[in-house]
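Student: In case you want the letters, here they are:
Number of protein chains: 2
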Amino acid sequence: MEERKIALREILKKDPADVAEVLSELSDEQAAELVHKLFLRHAAAEPLGEMEPDESADLVAKLDRKEASEILARMDPDDAADLLLELPENVQQELLSRLSKRDAEVLTDLLSYPPDTAGGLMSPEVIPLSLSMTVQEAIDLLRRRQEEAETVYYAYAVDDEGRLQGVLSLRDMALAPPGKELRDLVIRDAVTVPVDADVEEVARLFDKYDYFALPVVDSDNRLLGVITVDDVIDVMRDEATEDIYRAQAVPLEDRVDTPWFRSLRLRLPWLSFNLLTAFLAAAVVGAFESTIARVAALAIFMPVIAGQGGNAGMQTVTIVTRGIALGEVSKGEGWHLLAKEILLGLLNGIIIGVVVGVVAFVWKGELYLGLVAFLAMGLNMLAAGIAGTVIPLTLRALRLDPALASSIFLTTVTDVLGFAFLFVLARLILPAI
Amino acid sequence: MEERKIALREILKKDPADVAEVLSELSDEQAAELVHKLFLRHAAAEPLGEMEPDESADLVAKLDRKEASEILARMDPDDAADLLLELPENVQQELLSRLSKRDAEVLTDLLSYPPDTAGGLMSPEVIPLSLSMTVQEAIDLLRRRQEEAETVYYAYAVDDEGRLQGVLSLRDMALAPPGKELRDLVIRDAVTVPVDADVEEVARLFDKYDYFALPVVDSDNRLLGVITVDDVIDVMRDEATEDIYRAQAVPLEDRVDTPWFRSLRLRLPWLSFNLLTAFLAAAVVGAFESTIARVAALAIFMPVIAGQGGNAGMQTVTIVTRGIALGEVSKGEGWHLLAKEILLGLLNGIIIGVVVGVVAFVWKGELYLGLVAFLAMGLNMLAAGIAGTVIPLTLRALRLDPALASSIFLTTVTDVLGFAFLFVLARLILPAI
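Protein chains in written order, with this note's numbering: chain R, 1 to 433; chain W, 1 to 433.
So that you can see chain R by itself, here it is in the shape it has in the complex:
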């Protein structure tokens, strides 16, 4: 008993992020028990806000509904909304019905924005100021209402209709003479985020402008909320994971700690899709079975032509996809990129093709085989450069993620074309066939 008390006291001293980590590592039952104890000390909301929403939702679902709704009311609304989104509709509704009318409205509002937009990321807790206030009046107001604000490192000035007039940094306010009017401190032409902006676009704005928070506005420039940089860090990490996973056709939910039966179910669809494309390549080889029966040495060069094309194509896919993700490829630039990759494909194709051709000739002592290998390798490198550019650009034009299964699409092209080049050229050139 004594031991437990000490443990709780130790935990209460920790940073909420550390408590969140402790909660993640406990069994579900133990975690729910700890949350209950923290709740009794008014210390449950912050750690839950620091956890991944799917984890915190699992925990909250195990709590008494009354307790859960009180914790939700104490959480930052943006974190509370993320948590609610992970709960079943009926639990969501029950918890919302237990909140105060104002709290419920704020959360319902937030839930109405798509989670992958600025609206889904913002906190509505912002205290609007008027330009006619003095610094002292503004600081007094912020002091009185600080509990309600997501961040007071910046404050926002609005007009009578709630339209954003400009940004004030708390730094400037704290360090300015108290009698100064806000209109003399305000930064007009502030960088704003449209409420419907995609989270990737939001991340790019933060990356570019180095602010700790940006105001979110609707199409009439009315101030709706604020996005802080800590939320954007989470977005950036998740977007990076998404891009890496999608390129390799890995399902997003499959992590190192996913149970094996779930991983199995998640990966099989992608493996099946890849299997279909592999049979496409196999069909091309099958069409030339008689050619292979006569010149079995051709099979030796199958992995070289296909593998090397796949590697070169993945280099191009990776550069183009990452360039798109970082906002470095504007809509008109596709042709320019394609021209560069065609040139590179040709040059790499000639260089690598010559090496492959010479090895084929020396290995098998057949000039014709060397010529076939050289040409097939060169053509496949060219095809790889083209496919490596066209696949991500096409996915973007279709409004899909440019990274989506790009490795499967690319290697299908380089396998199918690589084998086709190899065997068609063999039929045309090899004398014995």
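Hint data in this document are derived by calculation from the structure and do not stem from the laboratory.
Note that the coordinates shown come from a computational prediction; the quantities given were computed from them, not determined experimentally.
There may be inaccurate statements among the hints.
Note that identical chains are pooled: a pair holds if it fits in a single copy or bridges any two copies.
Said to hold, decoys possible - List time: in silico DSS-like cross-link candidates among lysine-lysine, alpha-carbon distance up to 27 Å:
{"#": "1", "residue 1": "62", "residue 2": "331"}
{"#": "2", "residue 1": "180", "residue 2": "208"}
{"#": "3", "residue 1": "13", "residue 2": "340"}
{"#": "4", "residue 1": "62", "residue 2": "101"}
{"#": "5", "residue 1": "331", "residue 2": "101"}
{"#": "6", "residue 1": "208", "residue 2": "14"}
{"#": "7", "residue 1": "13", "residue 2": "208"}
{"#": "8", "residue 1": "37", "residue 2": "13"}
{"#": "9", "residue 1": "13", "residue 2": "62"}
{"#": "10", "residue 1": "331", "residue 2": "208"}
{"#": "11", "residue 1": "14", "residue 2": "331"}
{"#": "12", "residue 1": "364", "residue 2": "13"}
{"#": "13", "residue 1": "180", "residue 2": "14"}
{"#": "14", "residue 1": "37", "residue 2": "208"}
{"#": "15", "residue 1": "101", "residue 2": "66"}
{"#": "16", "residue 1": "13", "residue 2": "180"}
{"#": "17", "residue 1": "14", "residue 2": "66"}
{"#": "18", "residue 1": "66", "residue 2": "13"}
{"#": "19", "residue 1": "62", "residue 2": "208"}
{"#": "20", "residue 1": "62", "residue 2": "14"}
We have chain R already, so just place chain W on it with the hints.
Tutor: This is chain W only, laid out in the frame that chain R set:
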């Protein structure tokens, strides 16, 4: 003439990040000219600090040395140090020699930390406070010296030896009664960053703790500087790019806007390395040339066995590598992961293997061929799961980036073993051979 003046006036109104963008898009000559004009209006330092260091260094190298050193003196020291690092040694020394003794010392100090550590990321511009100060005294001090501080959203209290005592948020100070002593506001047990921490570790701390700035300390807990979240965002973006690039064996400097001749030179070494591994796979096929000559249908299943193994293995590599990057795989967890992937490899191997075996049997009407295809596919899926776990974990154990060329290593294993399984089993099982 009039037009130019208006343009400059417009540019001076822009956010430094936007000016940086304009500079990046101009030709070298035009950009240098604009920097000169901005310099005359004391407005060159901020945009240069917002640019990528390699770009800003190119620009600064084109300026008059006196002008360049004056701009450097006005830049945030962490940005100035990053810029200097990109310049040739002699230019670096010349610029440092033109700075004031204090500025030069600060920069030389910063340059002495490895760029991929907390020391290389931090700004030394931090104003230490004493716990015995009142809030009013602290704010007055910060107000007087605000130009020197990288961020005043947090302030740091130190003892007489410079050892960190705790953190103060400007928010708490601005909103507290002016007469309160700092010792009553200070957050002790603050999260700190060791000066030699790796930048990835720094990014994880920011990701976890949601602070806007963290203090950097040496092994005696002496305050050396501060890292702000905007620098970490750049690190996170660059680390994500690095992980994505390394996995696909793409050279880090190769971007969408890299000139083609440079891309060619950058990519060829990796393509050559891949070519060597492709020949390894080819050698395995070559060893079974006589087998293929007798049963050409085996060649049809080469892309299926190898490609499917490669895809499954890359799923595993991707999950393990990303887990390591996110700090989710602690040192002892490798065996646990391996066990899971072996199980998944077996199960996926049986499922996919049965499909491949049945297709082989139906397609070619040969029960023996179906059996060979089933066994080779199943074994290669198992090998893929093992290799997909062991490759990144081995790279980490060797203190290399777990992502490094992982796609090349993995596909080499799945190609070589896939072909070996296919042909060895064929020799053992097919009756005609």
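Student: Does each hint hold? Answer for all of them.
Tutor: Each hint tested on the structure:
1. In this assembly of identical chains, the alpha carbons of residue 62 and residue 331 never lie at most 27 Å apart, being 48 Å within a copy and 32 Å across copies at closest.
2. Taking the shortest Cα distances, residue 180 and residue 208 never come within 27 Å of each other, neither inside one copy (31 Å) nor across copies (38 Å).
3. Taking identical chains as interchangeable, the C-alpha atoms of residue 13 and residue 340 are never at most 27 Å apart, the minima being 58 Å within one chain and 37 Å between chains.
4. In this assembly of identical chains, residue 62 and residue 101 lie within 27 Å of each other by CA distance solely inside one copy; the values are 24 Å within and 63 Å between copies.
5. Proximity of residue 331 to residue 101 under the C-alpha cut-off of 27 Å is found in neither arrangement, the shortest distances being 46 Å within a copy and 49 Å between copies.
6. Taking the shortest Cα distances, residue 208 and residue 14 sit within 27 Å of each other only across copies (13 Å), while inside one copy they are farther apart (33 Å).
7. For a Cα distance limit of 27 Å, the shortest separation of residue 13 from residue 208 across copies, 17 Å, qualifies, whereas the shortest one inside one copy, 36 Å, does not.
8. Taking the shortest Cα distances, residue 37 and residue 13 sit within 27 Å of each other inside one copy (14 Å), while across copies they are farther apart (54 Å).
9. Taking the shortest alpha-carbon separations for residue 13 and residue 62, only the intra-copy value of 25 Å comes in at or below 27 Å, while the best inter-copy value is 54 Å.
10. In the homo-oligomer, the alpha carbons of residue 331 and residue 208 lie at most 27 Å apart inside one protomer (19 Å), although the nearest pairing across protomers, at 36 Å, exceeds that limit.
11. Taking the closest pair of Cα atoms, residue 14 and residue 331 come within 27 Å of each other only across two copies (24 Å); inside a single copy the shortest separation is 48 Å, beyond that limit.
12. In this assembly of identical chains, the alpha carbons of residue 364 and residue 13 never lie at most 27 Å apart, being 74 Å within a copy and 70 Å across copies at closest.
13. Proximity of residue 180 to residue 14 under the C-alpha cut-off of 27 Å is restricted to the inter-copy arrangement: shortest distance 25 Å between copies versus 40 Å within a copy.
14. Taking identical chains as interchangeable, the C-alpha atoms of residue 37 and residue 208 lie at most 27 Å apart only when they sit on different chains, with a minimum of 23 Å there against 43 Å within one chain.
15. Taking identical chains as interchangeable, the C-alpha atoms of residue 101 and residue 66 lie at most 27 Å apart only when both belong to the same chain, with a minimum of 15 Å there against 64 Å between chains.
16. For a Cα distance limit of 27 Å, the shortest separation of residue 13 from residue 180 across copies, 23 Å, qualifies, whereas the shortest one inside one copy, 40 Å, does not.
17. Within a single copy, residue 14 and residue 66 get their C-alpha atoms as close as 26 Å, which meets the 27 Å cut-off; across copies the closest is 51 Å, which misses it.
18. Taking the closest pair of Cα atoms, residue 66 and residue 13 come within 27 Å of each other only inside a single copy of the chain (26 Å); across copies the shortest separation is 53 Å, beyond that limit.
19. Taking CA atoms no more than 27 Å apart as the test, residue 62 paired with residue 208 passes between copies only; the shortest distance there is 25 Å, against 41 Å inside one copy.
20. When the C-alpha separation of residue 62 and residue 14 is checked against a cutoff of 27 Å, the pair qualifies only within one copy, where the shortest distance is 24 Å, while the shortest distance between copies is 51 Å.
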